[in-house]
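**Q** What follows is the residue order along each chain.
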Amino acid sequence: MKVTIDGIPVEVEPGTSILNAARQIGGDIVPPAMCYYSKLEGSGGKCRTCLVQVSKGSEKDPRPMPKLVASCRTTVMDGMEVKNITSPEVIEARKGVVEMLLINHPLDCPVCDQAGECHLQDLGFEHGAVKTRYEFDRRTFDKVDIGDKIQLHMTRCILCYRCVFTADQITNTRLHGILNRGDHSEISTYISKAVDNDFSGNIIDVCPVGALTDKTFRFKNRVWFTKPVEARRDCDHEKCKGEVTLWYKGEDVIRVTARKDVYGEVEDFICNTCRFDKKKTADWVIEGPRKVSHKSVISSNHYEFTPLPVVKTNPVLMEANKEQFERDTRL
Amino acid sequence: MGRKLLLEHINVPGINTFDVYRSKGGYASVEKALKTMSPEAVVEEVKKSGLRGRGGAGFPTGMKWSFLAKPEGVARYLVCNADESEPGTFKDRYLMTYIPHLLIEGMITSSFALGANTSFIYVRGEMMPQIRILERAIAEAKAKGFLGKNILGSGYDLELYVQPGGGAYICGEETALLESLEGKRGNPRIKPPFPAIAGLYGCPTVVNNVESIAAVVPIINEGGDEYAKLGIGRSTGTKLISAGGNLKKPGVYEIDLGLPVEEFLYSDEYCGGIANGKRLKAVVAGGSSVPILPANLILKTLNNEPRLMSYESLADGGFVSGTMMGSGGFIAYDEDACIVRNTWNFARFYHHESCGQCSPCREGTGWMEKVLHRLEHGHGKMSDMDLLVDVSKKIEGNTICPLGDAAAWPVASAIRHFRDEFEWHVSNGAEAVTRNYGLAHYADPLPKPEVVA
Numbered sequence: 001m002k003v004t005i006d007g008i009p010v011e012v013e014p015g016t017s018i019l020n021a022a023r024q025i026g027g028d029i030v031p032p033a034m035c036y037y038s039k040l041e042g043s044g045g046k047c048r049t050c051l052v053q054v055s056k057g058s059e060k061d062p063r064p065m066p067k068l069v070a071s072c073r074t075t076v077m078d079g080m081e082v083k084n085i086t087s088p089e090v091i092e093a094r095k096g097v098v099e100m101l102l103i104n105h106p107l108d109c110p111v112c113d114q115a116g117e118c119h120l121q122d123l124g125f126e127h128g129a130v131k132t133r134y135e136f137d138r139r140t141f142d143k144v145d146i147g148d149k150i151q152l153h154m155t156r157c158i159l160c161y162r163c164v165f166t167a168d169q170i171t172n173t174r175l176h177g178i179l180n181r182g183d184h185s186e187i188s189t190y191i192s193k194a195v196d197n198d199f200s201g202n203i204i205d206v207c208p209v210g211a212l213t214d215k216t217f218r219f220k221n222r223v224w225f226t227k228p229v230e231a232r233r234d235c236d237h238e239k240c241k242g243e244v245t246l247w248y249k250g251e252d253v254i255r256v257t258a259r260k261d262v263y264g265e266v267e268d269f270i271c272n273t274c275r276f277d278k279k280k281t282a283d284w285v286i287e288g289p290r291k292v293s294h295k296s297v298i299s300s301n302h303y304e305f306t307p308l309p310v311v312k313t314n315p316v317l318m319e320a321n322k323e324q325f326e327r328d329t330r331l
Numbered sequence: 001m002g003r004k005l006l007l008e009h010i011n012v013p014g015i016n017t018f019d020v021y022r023s024k025g026g027y028a029s030v031e032k033a034l035k036t037m038s039p040e041a042v043v044e045e046v047k048k049s050g051l052r053g054r055g056g057a058g059f060p061t062g063m064k065w066s067f068l069a070k071p072e073g074v075a076r077y078l079v080c081n082a083d084e085s086e087p088g089t090f091k092d093r094y095l096m097t098y099i100p101h102l103l104i105e106g107m108i109t110s111s112f113a114l115g116a117n118t119s120f121i122y123v124r125g126e127m128m129p130q131i132r133i134l135e136r137a138i139a140e141a142k143a144k145g146f147l148g149k150n151i152l153g154s155g156y157d158l159e160l161y162v163q164p165g166g167g168a169y170i171c172g173e174e175t176a177l178l179e180s181l182e183g184k185r186g187n188p189r190i191k192p193p194f195p196a197i198a199g200l201y202g203c204p205t206v207v208n209n210v211e212s213i214a215a216v217v218p219i220i221n222e223g224g225d226e227y228a229k230l231g232i233g234r235s236t237g238t239k240l241i242s243a244g245g246n247l248k249k250p251g252v253y254e255i256d257l258g259l260p261v262e263e264f265l266y267s268d269e270y271c272g273g274i275a276n277g278k279r280l281k282a283v284v285a286g287g288s289s290v291p292i293l294p295a296n297l298i299l300k301t302l303n304n305e306p307r308l309m310s311y312e313s314l315a316d317g318g319f320v321s322g323t324m325m326g327s328g329g330f331i332a333y334d335e336d337a338c339i340v341r342n343t344w345n346f347a348r349f350y351h352h353e354s355c356g357q358c359s360p361c362r363e364g365t366g367w368m369e370k371v372l373h374r375l376e377h378g379h380g381k382m383s384d385m386d387l388l389v390d391v392s393k394k395i396e397g398n399t400i401c402p403l404g405d406a407a408a409w410p411v412a413s414a415i416r417h418f419r420d421e422f423e424w425h426v427s428n429g430a431e432a433v434t435r436n437y438g439l440a441h442y443a444d445p446l447p448k449p450e451v452v453a
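Taken in order, these protein sequences are the chains called A and B.
Take the first sequence: its letters are residues 1 to 331, numbered as in full-length UniProt numbering.
Take the second sequence: its letters are residues 1 to 453, numbered as in full-length UniProt numbering.
Among the hints, erroneous ones may be present.
Claimed, not checked - Within a straight-line C-alpha distance of at most 16 Å, the following computed EDC-like cross-link-like pairs (lysine to aspartate or glutamate) qualify:
id : chain 1 : residue 1 : chain 2 : residue 2
1  : A       : Lys143    : A       : Glu41
2  : B       : Lys381    : A       : Glu135
3  : B       : Lys370    : A       : Glu135
4  : B       : Lys393    : A       : Glu89
5  : B       : Lys35     : B       : Asp19
6  : A       : Lys67     : B       : Asp405
7  : B       : Lys184    : A       : Asp168
8  : A       : Lys95     : B       : Asp390
9  : B       : Lys35     : B       : Glu8
10 : B       : Lys370    : A       : Asp137
Unchecked claim - If the Cβ cut is set under 8 Å, some of the chain B residues that face chain A in the computed set are:
id : residue
11 : Phe59
12 : Gly183
13 : Arg185
14 : Cys338
15 : Gly364
16 : Thr365
17 : Asn398
18 : Ile400
If you are wondering where the hints come from, they were derived from the structure by calculation, not from laboratory data.
Each residue gets a CB set at the ideal place from its N, CA and C atoms; glycine is no exception.
Produce the entire structure from the sequences given, and follow the hints as far as they go.
**A** Quick look at the structure:
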C-alpha cells in the first residue's frame, strides 16, 4: 500500500498504522507518541499527541477525514495522504495537547530521575508553548512504593496506560490499574497488594515520564552523568534474553535497563533479576558503548568525534547552526 | 394537536402491566413482525421511516442497522442504551417508568430484525426503580410467551436482560457502555472498529437509545411510509422532549418534529410559557451538551424564519447561530438565570464525568471548570473568555469520544452569545456575586438580514 506523509511516499504492509508508516520514513515527520507502544497490543489513542490530518482518505474514497485522527490507531489506506508537520492545524492541536498534558504535571524536572530521558520533556521542548496559561493548583498525590523496587510518583503521571498494558501482557498478573476518573484518576494497586513478579521492573522502562522509578537508582545520579554500555548475560529466565544497557558511574553499575530504540521503546523486556540484582561488571559480558543520539543530553561529555572549533567562519558550523535555527523557528 | 405514537396510552391506568398494555393493542408489532415479515423487511421498514437516533447524534437508525456485519456463526447483539444521564434529559426514564412494555416490545421487534438472540437493556445505576419495573415487565412478557424460546411459535428465540450500570455519564457513550457491559472500566473504545463490526464481546452489536427502539413499534404497526409522513423534511416522526427549567408546565411532551419552538414554549398544550410571568432569556435545546442560545436566536433563525423543533432547523446557522436537537432535553432560562453560573455548572458536570482516558478532555474540562468558577465568583479576568474559547477549541474534535465536544460546546457557545454577561462578571465582580445580569438585550428582535443584491 502506498501512503504519502508530508509529501514523502512510502510503501507499507496493509494494516500498518499511520504512525508506523511514518516511522518507516523516519526523521522529523514522525508524530510524537506518549502512550502508544508498539510492543503492547491495544496501547495508544489516549494521549492525542500523535494527531495528524488526513487530507485524502484513500484512492477509492479521496474525501479528507473530518477531524484530526490519532495516527497510532488509524490504519493506512491505499493512496492515503497524511499531513503532520506541514499542517498548521496539527501543530496547533499538538501544542494544545502538550499544554493539557503539562497542566497537572509538577514540572519538577530538576529533582526527577527521569529528566534527560523523559518523553514529556522532549515533547514539551519540541512542541509545547513557552509558558503555561494555567493558574490553578496542580493535582498532587503522595509517593507510594508499589513494590519493593518500584516507586510510584502519581503526581507526574500522564495516564498513558502503558504500565497497565505491560502488566497485562508481559507479566503474569496485573495488580495495579486506574482508579477514579477524570483528572483525579490515578494508578494504584489493589489494597495492600504490591507489584511483585519477575517482569514487574519493565513498567519502569515503559513509563514515558518519571511516575514509575527504579528505587535502586533513585537520586543516585543524573542520567547525563552516567555512561551507557551494552551488555549481555545468560539469563536463565525463559522469557528474558539478558540483553541490557548498563549505566555506569565511574566503575560502578548504578542502573540496568532494557535496551531502548530511537523511539524510546525497549527492544526486549528484561527480567527483574537482570534489572535489580546483577549490578557488578563481573555479571555481564560487555558488548561496547551504547550509541546515544547526539541530540540527547545523555550524549554530552561522551564525544565520539573531536568537537568542532568554535570559529565564526567555520562553514560546517554555520551550516549546522542554520539547520538548528530553522528547526527552532519552524513552529 | 400532534399525534401521539409513543405516549398514546400513557394515561390508561395500569398500562405498566402486560394485560392492560396488550388490551390497548400492545405487542401487535411483535406479532406482525415475527409472523408475517422477514428480518430484512423490518429493517427496510425502519429505513423507509427515516427514523433518526433519538439519543443525541441523530444518525438514521435504519442505516445503522443495515451496517451491522453478519458473519456466519457469530452471535449478534442488540443493546439498548438506557444510561440517560444528560442534565436536562429525562424522557427515557419517563418512558421506562410508565410504559415499560413499549420498550420491551420494541426490543423484541428490533432484535428480530437484527437477528440477535440475546439483548441487553443497559440502565443507569441510579435508576433502580426503573430497573425493577423493567425486570417485572420482562418476567410478565416471558410468562406470556413473548420472550424466551420459540416466541409465538415462530421459531425465534430471544433472551432479554437488564443490566444496571454504575452511574457514569460516560457509559452512555456506546463503546464505553459496551466495555461496562463486559464488566470492564467504562472507557470509550477507539474507533474504528465500530460496534457494528466488533462490539459486545467482539461480536457485531447495535446500540440504540430507548426512544429509538420504542419508535420501532409504531413504525412496524403502521408502516415506515406512514411514519415518515409525520415530521418535516429529514426529521421524521415524533420526538419526546423533556422540557425543564423556568417553565409553567415542565414535563415530557411528545411532539411532531417540525413544531415551531415558539409554539412549544408558549402554547398551553405544551410548556405554557415562562413561569411567574418572567421573560425568556436563553434556551438549551437538546440537553446540556448542545450549544446554548439566547431567546432571540432560539425563536427565530438568523434569516428571521421561525425556528422549528427539528434536527435541521435547530442546527440552522451551524455553531454560529444554531444549536442541536441532541437528546431532547429542553431547558428554558428566565431573566433571573445567570448564564455564567449555568455554564460553570455544566463545566463542573463534564469535569466530574470525564473518564480521564485522553488528555485534552481529562485536563481541559477541569481547567475550564476552574476558570468558570473564578468568573462566577467575581475573580475573573478579561482574558479568561478568550482562554476558555481557546481551551474549548483544543478539546473539541481532538478526543476519543464525543464527551470532549459535549464539554466544549456549551462553554464556547455561552461565550459566543453571552459575552457581555461574562464581561460584566469581570468588571463588576463584587456585584456579580449578589445579583444577576438580567435579560439585557438577549430577547431583542434580530436585525433584519441584509439583502444581498
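**Q** Does each hint hold? Answer for all of them.
**A** Results of checking the hints against the structure:
no., hint, result
1, Lys143/A to Glu41/A, "29 Å, violated"
2, Lys381/B to Glu135/A, "12 Å, holds"
3, Lys370/B to Glu135/A, "9 Å, holds"
4, Lys393/B to Glu89/A, "11 Å, holds"
5, Lys35/B to Asp19/B, "21 Å, violated"
6, Lys67/A to Asp405/B, "12 Å, holds"
7, Lys184/B to Asp168/A, "14 Å, holds"
8, Lys95/A to Asp390/B, "12 Å, holds"
9, Lys35/B to Glu8/B, "25 Å, violated"
10, Lys370/B to Asp137/A, "10 Å, holds"
11, Phe59, "14 Å, violated"
12, Gly183, "13 Å, violated"
13, Arg185, "7 Å, holds"
14, Cys338, "22 Å, violated"
15, Gly364, "6 Å, holds"
16, Thr365, "7 Å, holds"
17, Asn398, "5 Å, holds"
18, Ile400, "6 Å, holds"
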